[in-house]
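In order, the protein sequences belong to chains A, B, C and D. For the first sequence, our numbering begins at 1 and goes up steadily by one. For the second sequence, our numbering begins at 1001 and goes up steadily by one. For the third sequence, our numbering begins at 2001 and goes up steadily by one. For the fourth sequence, our numbering begins at 3001 and goes up steadily by one.
For the record, the hints were derived by calculation from the structure and aren't laboratory data. Hints may be right or wrong, so weigh each one.
Claimed, not checked - A short list of chain B residues far from chain A (calculated; beta carbon distances all over 10 Å):
id	residue
1	1031
2	1035
3	1081
4	1093
5	1098
6	1104
7	1139
8	1140
9	1191
10	1195
11	1198
12	1218
13	1266
14	1273
15	1286
To be verified - Reference excerpt, derived from the structure (chain B facing chain A, CB under 10 Å, subset only):
id	residue
16	1030
17	1038
18	1042
19	1179
20	1192
21	1199
22	1200
23	1205
24	1209
To be verified - Each pair of labels, with its calculated beta carbon distance range:
id	chain 1	residue 1	chain 2	residue 2	range
25	C	2113	B	1024	16 to 26 Å
26	D	3057	C	2091	52 to 62 Å
27	B	1076	A	104	18 to 28 Å
All figures in this text were calculated on a predicted structure; none of them were measured in a lab. Positions of the beta carbon are idealized from the N, C-alpha and C atoms, including for glycine.
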Amino acid sequence: MKVSLDTLRALGRGDKAGDRVVPPTGFTARLTVFVAAAMAFLAVFALALSLAAGRLATSWGEELARASTVRISAPSGQVATQTEAALRLLQQTPGVASARALSEAEQQALLEPWFGPDLPVTELPVPQLIEVTETPEGYDAAGLRLRLQAEVPGAVLDDHARWRKPLVAAAARLKLLGWLSGLLIAAAVGAMVTLAANAALAANAQVIAVLRLVGATDAYIARAFVRRFTLRALSGAAVGTVLGVAAVALLPSGGETAGFLTGLSFRGWHWALPVLVPVLSAAVAFASTAVAARRVLGGLS
Amino acid sequence: MKVSLDTLRALGRGDKAGDRVVPPTGFTARLTVFVAAAMAFLAVFALALSLAAGRLATSWGEELARASTVRISAPSGQVATQTEAALRLLQQTPGVASARALSEAEQQALLEPWFGPDLPVTELPVPQLIEVTETPEGYDAAGLRLRLQAEVPGAVLDDHARWRKPLVAAAARLKLLGWLSGLLIAAAVGAMVTLAANAALAANAQVIAVLRLVGATDAYIARAFVRRFTLRALSGAAVGTVLGVAAVALLPSGGETAGFLTGLSFRGWHWALPVLVPVLSAAVAFASTAVAARRVLGGLS
Amino acid sequence: MIELDNVAYSYGGGELLSELSLQLAPGSFHFLTGPSGTGKTTLLKLCYGALRPTAGQARLFGTDVREMDRDAVAMSRRRIGVVHQDCQFLDHLSLAENVALPLTVAGEPISPQDQNLRELLGWVGLTSRANALPPELSGGERQRAALARAVISSPEVVLADEPTGNVDWEMSQRLLRLLVELNRMGVTVLIATHDLQLIRAAKSQVQARVLRIVNRKLQSAGVDL
Amino acid sequence: MIELDNVAYSYGGGELLSELSLQLAPGSFHFLTGPSGTGKTTLLKLCYGALRPTAGQARLFGTDVREMDRDAVAMSRRRIGVVHQDCQFLDHLSLAENVALPLTVAGEPISPQDQNLRELLGWVGLTSRANALPPELSGGERQRAALARAVISSPEVVLADEPTGNVDWEMSQRLLRLLVELNRMGVTVLIATHDLQLIRAAKSQVQARVLRIVNRKLQSAGVDL
Ligand SMILES: Nc1ncnc2c1ncn2[C@@H]1O[C@H](COP(=O)(O)OP(=O)(O)OP(=O)(O)O)[C@@H](O)[C@H]1O
Ligand SMILES: Nc1ncnc2c1ncn2[C@@H]1O[C@H](COP(=O)(O)OP(=O)(O)OP(=O)(O)O)[C@@H](O)[C@H]1O
Ligand SMILES: [Mg+2]
Ligand SMILES: [Mg+2]
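My request is simple: use the sequences and hints to build the entire structure.
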């Protein structure tokens, strides 16, 4: 017990002495903290953006999967048979995953905005709608149209939702862009912390030279700087991350319909992801300061 | 001619000599350029975000302005008279800016997604729709409903679009947030350029002291640093802005329907706005370096 | 040229110098001596306006330093050549450019091939090192460069703080001769030094007054040398 | 302790030192002299491993410097106390902390109240300035602090580069006496200096060898002093 306490105390003492030899905070120090905080703040936003773009791409992709409709307009008596014929035909078509006639309730829900909730769908010559789900490969729309024309005269294939395909591609690109900007910000954090560390080391060239001349080992000198910069980057990034998460949490949420931006938030366990930001910042600071310190030290005998 | 040429040449020579006394680029210099570029890049994005949020708020607001509908379902013969009665009543209602019956073509356009382009609207018992535009104050929905019930039995007031009201508030908040983040980034640019300038001046403390000792005036010393930092911030921010604008221009555009994010672009003359970013960065660098230089110089006799 | 009138100076603690008076007449030659830490450098700083007296009056070229703004101080430094005890340079400029720096900042840049500059560098024995950077110089070379920089702009006064502490006897004689020559041309010279041998050597070449800081005041010290 | 064997050194241009040999035996006392710019500082740097000879062999405590890694060089510096010509300090630490720095970096920090430290500061006349920051010191005070820093860790060798260039005669005698005392306790001492008077004064106190750099080589110079 005594021994370990002593060791700890010695470590504490040693650290304090080691910290003393590096001058206290100057502009480069504040710069490092500020850079880390600002970039962490932005990194949290980029993270939220990437995740939101990912969610958007997924949901648009799902919509595309059940994108086409077959509309059957026929005299009342024939609707049922034509629907059945169309369903049969669709089930045999390669590229169609499934086909399903919408129920009355579903059709009514679709039409409610226009006709009010009291619309007697059955009494109207409302066409029967069939929801067609495609396989990932998709079907040959022109061929299907020809066959429908031949076998189910009242059927019209409406793959109007196909226009969403470029959108899904766009969402995928957005997702990529989000991750890319996240990577860019990470690279920027790295570059800026490296530059700040280098600037601080350059400003402390005399300190390093003096320490080296009085017999300090490279490890001792590097440790003094590395510890300080890692802590600065960690604390700065932690503050920035907390602020960033708070800002994301406070972003007005307009519900699902409110479009993309108000979906710029974390969902579920994704709230834990920003914790990575300060950890990674500290790791970058650690590595870049170590490299920079070794480089400066290498120039001294 | 000779004189002005000589003056120019002297100026050029003087500048060159003045530039020489500040050490060439070191880490703090690269830091300044990098900071300016990174922050300009982000500023362009924040600008695009603010403008897009502004457009969104405006368009949602417009939608809200003609948000309610009156739906008249009546036996075919009575539709026309009831529509007229409803229009009369609406025009007398305080809070209603205008009311207009939709034409057949308009109704058909609205219904097309569900019934196909061949729907014979006139033959269907499709209700007549009246578009009601509110004044900014809005009308008393409950009172209007009661009066419609009494005077136009087939009319149903549908202010379903009112749910968009919180959305418009959200969009306004977003717009604010966009400008706020723009301001934040501007403040961050300012702070980081100031810090970088201070770090560089701290690293060049000896240069400044030597210059002062050999008889350089404050203006001469400050000018040498201010010119250099302004140019660095300007060039860094210019590169960052160009990259940012290019990135915004390359953002996949999914058309109007594609939701908010793909609308993250500039429209029309807004493309000229990013030019402000490097100009403002240079101005900030100019001011902050001048202040920092004066502060450092003030500490020397 | 430079007059200190009942001047006192304190760095915050007790007074380092007090009731001290000094007149540097045009063309005069002074030595300043005294044990380490008695305030020689401080006194020189008062003479070129780097410090302002805490009491009394310091006049540079007839103007009270308290009435001079920062630009006036800068301008007066162009008329005073100073060799600092810790000679600092711009480490990114060559020795020749550093020596020419007072001219550069005064807006009269000269080329490294300028005849005056070459001669001056030759006199202080730095011709072969003209293109070296300051960190590549030896201690004595730095001191000689500082002296060259102090006299390049033909100042009216030269204040030299320990200009020979790091050079050998022969070179210190050479530097002394340079200052004596300048003095013959009318330049006022004040040298702070510990080197009593140097003072003795100077006495044979020039009419020099030796001042000593004792008990925070200036004393003439001619007798005991 | 330190042996240079047919060593040559060049900074890139011509050779500054060549075919130079030197043995610092334990307990010996050497002076090194020679005109400014002949390579005294360079020779000292070779002796404490800051420079590696471009030819020949340098051995510190029996190990060839070429076989020493950076940590071994750092460790050897803890056994060699060096007074640098341009004494640099950590400007944010007090004078006392700066003097104690070699112990701090060796992991044996002492308090500013430590008896040894107080005595040493008293010897070099810096007791009253113990809490001052280095930029607040006079030139001579810095030099004395550098000497104190060089000897605080009880080194086996002391290499002093112009340790008395900025102090008065009496103080330089005092510093010399300190080094002579250490030498009597077995410490090897090498002093580079221009001050022939100091060498003469030392000769009466200690058995000192005087070396002179002439034509890029070392010569014994005992006769002409
Ligand atoms: N900036 C400062 N703040 C506080 N004290 C100072 C400052 N500068 C100098 N001193 C103290 O004032 C005293 C005189 O310093 P000064 O440099 O004038 O001495 P000096 O006569 O030039 O000595 P030396 O011969 O050693 O160069 C010294 O004790 C020094 O420590
Ligand atoms: N890093 C360097 N690069 C190039 N040349 C150098 C370097 N350091 C010193 N020199 C040159 O080597 C020569 C010897 O330098 P050194 O410092 O050893 O001289 P010194 O004998 O100590 O002189 P002094 O008495 O003036 O201190 C000088 O001419 C100097 O300019
Ligand atoms: Mg002094
Ligand atoms: Mg030397």
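Next on the checklist: Checking each numbered hint in turn, tell me which of them this model violates, lowest number first.
Outcome noted: 1, 2, 9, 10, 11, 19, 24 and 26
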